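A.B. asks: Residue numbers (my numbering), protein chains in the order written: chain L, 1 to 220; chain X, 1 to 188.
Simulated from the structure, these hints should not be mistaken for lab results.
Predicted model only: the values in this text are computed from it and were never measured.
Check the hints yourself; a few may be wrong.
As the list claims (entries may be wrong) - Each pair of labels, with its calculated beta carbon distance range:
hint	chain 1	residue 1	chain 2	residue 2	range
1	L	Leu113	X	Ala126	53 to 63 Å
2	L	Ala129	X	Asp57	17 to 27 Å
3	X	Leu65	L	Glu22	41 to 51 Å
4	L	Glu125	X	Ala56	18 to 28 Å
5	X	Leu65	L	Asp108	23 to 33 Å
6	L	Ser218	X	Ser60	27 to 37 Å
7	L	Ser130	X	Ala161	14 to 24 Å
8	X	Ala161	L	Gly135	37 to 47 Å
9	X	Ala56	L	Thr87	33 to 43 Å
10	L	Ala182	X	Gly12	51 to 61 Å
11	L	Gly135	X	Asp160	51 to 61 Å
12	X	Glu127	L	Gly194	16 to 26 Å
13	L	Ala179	X	Ala165	48 to 58 Å
Note that CB positions come from ideal geometry on N, CA and C, so glycine has one too.
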Amino acid sequence: MDSVHDLGGVEGFGPIPIEADEPVFHETWEGRVLGCRFLMGFWGRWNIDANRHSLEQLPPGDYLTMSYYEKWAAGVVNLSVEKGLITRDEVRTGQPAAESERMTPPVDAAGLLAFLPKGRPSSREIDAASAFGVGDRVRTARHMHSGHTRLPRYLRDRVGEIILHHGAHVFPDVSATMAGDAPQHLYAVRFDGGEIWGDEAEPGHSVTADLWESYLVSAA
Amino acid sequence: MRAKALETLLVGKGLVDPAAVDALVDTFSNDIGPQNGARVVARSWCDPDYRARLLADATSAIAELGYSGMQGEHMVAVENSDDVHNVVVCTLCSCYPWPVLGLPPVWYKSPEYRARVVREPRAVIAEFGLELADDVEVRVWDSTAEIRYLVVPQRPAGTDALDEAGLADLVTRDSMIGTGLALSPEAD
Numbered sequence: 001m002d003s004v005h006d007l008g009g010v011e012g013f014g015p016i017p018i019e020a021d022e023p024v025f026h027e028t029w030e031g032r033v034l035g036c037r038f039l040m041g042f043w044g045r046w047n048i049d050a051n052r053h054s055l056e057q058l059p060p061g062d063y064l065t066m067s068y069y070e071k072w073a074a075g076v077v078n079l080s081v082e083k084g085l086i087t088r089d090e091v092r093t094g095q096p097a098a099e100s101e102r103m104t105p106p107v108d109a110a111g112l113l114a115f116l117p118k119g120r121p122s123s124r125e126i127d128a129a130s131a132f133g134v135g136d137r138v139r140t141a142r143h144m145h146s147g148h149t150r151l152p153r154y155l156r157d158r159v160g161e162i163i164l165h166h167g168a169h170v171f172p173d174v175s176a177t178m179a180g181d182a183p184q185h186l187y188a189v190r191f192d193g194g195e196i197w198g199d200e201a202e203p204g205h206s207v208t209a210d211l212w213e214s215y216l217v218s219a220a
Numbered sequence: 001m002r003a004k005a006l007e008t009l010l011v012g013k014g015l016v017d018p019a020a021v022d023a024l025v026d027t028f029s030n031d032i033g034p035q036n037g038a039r040v041v042a043r044s045w046c047d048p049d050y051r052a053r054l055l056a057d058a059t060s061a062i063a064e065l066g067y068s069g070m071q072g073e074h075m076v077a078v079e080n081s082d083d084v085h086n087v088v089v090c091t092l093c094s095c096y097p098w099p100v101l102g103l104p105p106v107w108y109k110s111p112e113y114r115a116r117v118v119r120e121p122r123a124v125i126a127e128f129g130l131e132l133a134d135d136v137e138v139r140v141w142d143s144t145a146e147i148r149y150l151v152v153p154q155r156p157a158g159t160d161a162l163d164e165a166g167l168a169d170l171v172t173r174d175s176m177i178g179t180g181l182a183l184s185p186e187a188d
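Could you put the whole structure together from the sequences, leaning on the hints where they help?
C.D. replies: Okay, structure coming up:
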């Protein structure tokens, strides 16, 4: 999806907003939003890819001006409405609808603390052999679709070298639609700065990104 | 919808357990943060076998110290040297290695950092006070998948007498993202 979340290389932004001795949370509500968004995921109605896609679909102006946790709050509201966990009326009133049945949360504090050290690995075993190996030259796709994807705009139609093969991982472009994991081989691909940015590239730098096999064709 | 109202609604419907929110906030406020990654780096400086394991299979090596899981399921450690400086970003969202660094700072999530560091990494790193020499190769890692990268900064000079805990005190969050170096002992 070509929206403003795909920020790599966009020009016009000012200095990095560095804050000395930054607290983990600036305000209490930020932690509550983190918790709500995280815990709502345990209902299984969406996954990390759909979650990311919900933020990408915020209006571009909002995306660039809302804080991180404001975006998270908006994202969890939108996903929860879309998946039928809450209604727009309830969002408006802030109260459960009179007829709604009280549910039981899918995870409690102990369950959450047991889950954190495990996480949700994205690696999968697949039968298909990898098409590429370390050292291979590959070209990235030029055209992309309007759904969720993890091939950034600034790395499209560029030639790079595979430096790591990560095995097979869940493919976000499919996973975000909740149509299954559709795992593919995943590679770290290194691109020279000059290949990406042309003559104005800062000297002596490269960018490495993790890219799925279907984003790549051989450039041997 | 205001954040407080959001939690009230979700708790009122039985969708979220507020005690679980408390537990998550407490964990990221107190238990999971850059002090974890600092221990990993300090161990790699002291123990050549551990360093080799970290560079070969970071997920397992980091788990040896008890750090694993959410947003660190698949770790890769990249080591700085006299010739190479690594720096990590997520241009598409805010991917960050939670088990070793905790939650990301605001600047890491900012459009400014995400847009600029892939295009002008030296200029961005200089804004953090670090001027890289012209002959140092800068490697930017854009976290586009579920692989999370941990930068292993160089061990500062003059630290031979320090033990692992003393060394860990020199390892800053920014040095493990790549926007800084580990502190020198005299900087304490």
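A.B. asks: State for each hint whether it applies.
C.D. replies: Going through the hints against the structure:
Distance hint check: the CB atoms of L:Leu113 and X:Ala126 are about 41 Å apart, inconsistent with the given range 53 to 63 Å. Distance hint check: the CB atoms of L:Ala129 and X:Asp57 are about 22 Å apart, consistent with the given range 17 to 27 Å. Between X:Leu65 and L:Glu22 the CB atoms are about 25 Å apart, so this pair departs from the stated range of 41 to 51 Å. The supplied range of 18 to 28 Å is met by L:Glu125 and X:Ala56, whose beta-carbon atoms lie about 21 Å from each other.
A beta carbon spacing of about 28 Å between X:Leu65 and L:Asp108 agrees with the range 23 to 33 Å that was offered as a hint. Distance hint check: the CB atoms of L:Ser218 and X:Ser60 are about 32 Å apart, consistent with the given range 27 to 37 Å. At roughly 47 Å, the beta-carbon separation of L:Ser130 and X:Ala161 lies outside the given 14 to 24 Å, and the hint is violated. For the pair X:Ala161 and L:Gly135, the supplied restraint of 37 to 47 Å holds, since their beta-carbon distance comes to about 43 Å.
A beta carbon spacing of about 51 Å between X:Ala56 and L:Thr87 contradicts the range 33 to 43 Å that was offered as a hint. Separated by about 37 Å at the C-beta atoms, L:Ala182 and X:Gly12 break the suggested range of 51 to 61 Å. Our hint of 51 to 61 Å for L:Gly135 and X:Asp160 is violated, since their Cβ atoms are close to 38 Å apart. Range check, X:Glu127 to L:Gly194: Cβ separation about 23 Å, and the 16 to 26 Å hint holds.
In this structure, L:Ala179 and X:Ala165 meet the distance hint of 48 to 58 Å, their C-beta atoms being roughly 49 Å apart.
The earlier numbered hints that this structure contradicts are 1, 3, 7, 9, 10, 11.
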